[in-house]
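Colleague: Listed below, chain by chain, are the residues.
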Amino acid sequence: MTSAHKVKITYCAECGYEPQTLDLAKTLMLEFGARLSCIELIPWDGGTFDVSVDGELIHSMTRDGGFGDNAAIKEAVRARLPA
Amino acid sequence: MTIDRARFDQGLTYDAYKDQMTRNRERVEENEQRVDLSKEDLAAFRALPRPVKVVVLAEDWCGDVIANLPVLGRLAKDSGKLDVRIFLRDQNDDIMQRYLNKGQFKSIPVFVFFDDAFRELGHWIERPASVTEVRAKRRKEIFAAHPEFGSPDAPVDQLAEDVRVRLQAELAKMRDDTAKFANAEVVRELREIATRVAA
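Protein sequences appear in the order of chains G and F. Take 21 as the starting number for the first sequence in the numbering used here and just add one per residue. Take 849 as the starting number for the second sequence in the numbering used here and just add one per residue.
Bear in mind the hints are in silico, worked out from the structure with no lab data behind them. In this text, a Cβ means the ideal position worked out from N, Cα and C, and glycines have one as well. Hints are supplied without guarantee of correctness; some may be wrong.
[Stated by the list, open to error] Looking from chain F toward chain G, a few residues come up when the C-beta cut is under 7 Å (computed):
{"hint": "1", "residue": "E874"}
{"hint": "2", "residue": "P1003"}
{"hint": "3", "residue": "L1007"}
{"hint": "4", "residue": "R1014"}
{"hint": "5", "residue": "F1029"}
[Claimed, not checked] Examples of chain F residues toward chain G, derived with CB under 10 Å:
{"hint": "6", "residue": "R875"}
{"hint": "7", "residue": "E878"}
{"hint": "8", "residue": "C910"}
{"hint": "9", "residue": "D912"}
{"hint": "10", "residue": "A1020"}
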């Protein structure tokens, strides 16, 4: 059975992080296609830029600093998908 | 990296900075209107023996810049004693590297105060610690009063959408409720630095 894998990107809309959010979303869409059941974009505030896969935080601006490297985030997502 | 007259003059005036903003200008100008300067604070700035130069690092997407740069802008405009020049953080990394928050974070805004001879009087980064503390306390209270919001340390993407919307509204109200206190704290801290200028 194929399981559903969901990515959520929570970004600070107040800060204008839309370009980085869309860039990351596009990277993941092109790389994984239908292997991801959903990429959810959540406008938030407070300088947030968090990325999670199935509830597991794989990047956090607060925790890790910055927007993160798209290639590294892509690999972190890949590691959590079935081979 | 040192700031001298030539480098200072390369910065944008407050109005020129606003003119080049690509976003959030209306929020900056709304915050300018909300700044409530006391007679005592204004008198302290107006009593400066000569204008103090202020180098600012900013970007138009940053929430703390949107909140706090207008306070400096109003102080400069209403007192006539602050000569402000603004540098975009991402195009002026040499200045940013000198004023990293805790030696490692590129937090903005940064306000650096100089006397006539470009001797540094002091600098100010991001927001007052007192504001961070008050808002953290209020945030905890909101979470305590609303168990449905879960843990204050948990990522918000774990909340159901309707709960998330309610949390966002509560946090926005909290920031609004504390804005007056925050502005007063910014003025207090900037006044303490600016008035170090020698008589």
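Colleague: Take the hints in turn and mark each one as holding or not.
Modeller: Hint by hint, here is what the structure shows:
no.: 1; hint: E874; verdict: violated (13 Å)
no.: 2; hint: P1003; verdict: holds (5 Å)
no.: 3; hint: L1007; verdict: violated (9 Å)
no.: 4; hint: R1014; verdict: violated (13 Å)
no.: 5; hint: F1029; verdict: violated (18 Å)
no.: 6; hint: R875; verdict: holds (9 Å)
no.: 7; hint: E878; verdict: violated (13 Å)
no.: 8; hint: C910; verdict: holds (6 Å)
no.: 9; hint: D912; verdict: holds (8 Å)
no.: 10; hint: A1020; verdict: holds (8 Å)
Hints 1, 3, 4, 5 and 7 from the list above are not met by this structure, while the remaining hints are.
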